[in-house]
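Visitor: Heads up, the working numbering is the position in the sequence shown plus 69, with the first residue counted as 1.
Hints listed in this document are in silico derivations from the structure and should not be mistaken for laboratory results. Careful: at least some of the hints might be erroneous.
[Said to hold, decoys possible] No more than 30 Å apart at the CA atoms, straight line, and that leaves these computed lysine-lysine pairs for DSSO-like:
1. 321 with 342
2. 321 with 310
3. 342 with 256
4. 273 with 321
5. 273 with 310
6. 140 with 321
7. 310 with 342
8. 310 with 256
9. 321 with 256
10. 273 with 256
[Stated by the list, open to error] What follows is a set of in silico ranges between Cβ atoms, one per label pair, in the way DEER data are often shown:
11. 339 with 100: 40 to 48 Å
12. 354 with 121: 48 to 56 Å
13. 120 with 335: 24 to 32 Å
14. 94 with 176: 34 to 42 Å
15. 94 with 265: 47 to 55 Å
16. 243 with 217: 44 to 52 Å
17. 275 with 121: 40 to 48 Å
Just so we're clear, the structure is a prediction, and the values are computed from it rather than from any experiment. For each residue, glycine too, the CB sits at the ideal point set by N, CA and C.
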Amino acid sequence: MNDRGSTGPISENAEIAACLQDYAALLEQQGDDSFRVRTYQEAADHVGSLPIPLRDILAQEGVAGLIAQPKIGRGIAAAIAEMLTTGRWSQLHRLRGDAAPAQLFMTIPGIGPALARRLADDEDLETLEELEIALQPGGRPIPGFGRRRRQLVLSQVSERLGRIRTARRGMGAVTPPPVSLLLDADKLYRERAAAGQLRLIAPKRFNPGGAAWLPVMHARRDDWHLTLMWSNTARAHELGKTHDWLVAYFRKDGQPEGRCTIVTETRGPLAGKRVVRGREAECEALLSPPDKSAQSGS
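Construct all of the structure, not just a fragment, from the sequences and the given hints.
Guide: So this is what it looks like as structure tokens:
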């Protein structure tokens with residue numbers, strides 16, 4: 070979708086329909102299940118034939134109005150709301166391999182190309198949510214951000230995220246999958262990637278030769294939709310972790326998308342084991358259960 074907006078409400082519907090079709094095609098190419106592919110195709114067909122501007126539905130009825138449309142469930146409604154609110158759809162950019170945080174940051178007034186690249190590459194920020202946290206009072210110093218610019222950009226980012234959060238109201242909070250599910254998916258991804266069984270995409274960041282090197286895996290576990298791929302951040306490249314840090318994007322019906330990173334722990338009792346970053350205590354409870362014999366003998 071054009072980041073600058075559409076030339077008219079119905080042509081905007083057509084742009085969104087095209088994005089949904091592109092997403093369905095990418096899911097099919099990357100081996101996702103046929104049901105999910107068909108879901109996006111049918112939604113695209115409906116959106117393309119809709120005589121009412123989606124923007125009007127969202128403005129008047131919120132995400133609930135989008136969900137009330139035939140063929141549009143909660144996940145697709147959230148995607149449409151994101152496109153209408155930001156002019157972008159992060160999931161589509163990700164599967165294309167052209168996810169570019171700097172491009173996203175440049176849509177915020179007060180952030181030019183050089184500063185956007187610095188935020189993405191030097192500060193290792195990827196999302197508006199991460200930028201909002203980094204700019205909070207008391208946050209770490211960021212070169213190029215004096216007090217006034219920090220306040221200005223923070224207000225712009227918070228206003229943008231406020232529109233997105235309002236559009237998603239009623240979808241519930243993001244709750245992550247169990248660490249056992251994530252670690253099982255991590256194991257399968259690494260096995261299939263090593264065996265050359267996954268589709269490869271050519272990310273645009275840090276890939277001047279345009280090589281298709283990044284494996285992508287889609288999976289459904291219980292009620293969770295998962296998309297997994299190696300981290301392609303500046304920090305992962307700097308530390309040589311592009312084949313260790315695994316990013317898992319997850320979504321459950323009725324919730325916005327979330328993400329986490331799975332890494333090989335380098336210290337402590339879990340050194341050498343795979344852990345979900347930020348959930349190390351849960352991983353330790355799973356991977357290092359209490360010694361029952363010691364407990365019974367005490």
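Visitor: Give a verdict on every hint.
Guide: Each hint tested on the structure:
Under the criterion of a C-alpha separation no larger than 30 Å, the hint pairing residue 321 with residue 342 is consistent with the structure, at around 27 Å. This hinted pair checks out: residue 321 and residue 310 have alpha carbons roughly 28 Å apart, not beyond 30 Å. Simply put, residue 342 and residue 256 have alpha-carbon atoms about 11 Å apart, close enough for the 30 Å limit, and the pair holds. For the hint pairing residue 273 with residue 321, the CA-to-CA distance comes to about 29 Å; that is within 30 Å, so the pair holds.
For the hint linking residue 273 to residue 310, the alpha-carbon distance of about 18 Å falls within 30 Å, and the restraint holds. This hinted pair checks out: residue 140 and residue 321 have alpha carbons roughly 17 Å apart, not beyond 30 Å. For the hint linking residue 310 to residue 342, the alpha-carbon distance of about 15 Å falls within 30 Å, and the restraint holds. For the given pair, residue 310 sits about 16 Å from residue 256 by alpha-carbon distance, which is consistent with the 30 Å threshold.
With a C-alpha separation of about 21 Å, the suggested pairing of residue 321 with residue 256 holds against the 30 Å cut-off. Restraint check for residue 273 and residue 256: the C-alpha separation of about 26 Å stays at or below 30 Å, so the hint holds. At roughly 31 Å, the beta-carbon separation of residue 339 and residue 100 lies outside the given 40 to 48 Å, and the hint is violated. Taking 48 to 56 Å as the suggested C-beta distance range, the pair residue 354 and residue 121 conforms, at roughly 51 Å.
At about 57 Å, the beta-carbon gap between residue 120 and residue 335 misses the expected band of 24 to 32 Å. The hinted window of 34 to 42 Å between residue 94 and residue 176 is violated, with their beta carbons roughly 26 Å apart. For the pair residue 94 and residue 265, the beta carbons lie near 22 Å from each other, so the given range of 47 to 55 Å is not met. A C-beta distance of roughly 33 Å is found between residue 243 and residue 217, which places it outside the suggested range of 44 to 52 Å.
Between residue 275 and residue 121, the C-beta spacing of about 42 Å keeps the proposed range 40 to 48 Å intact.
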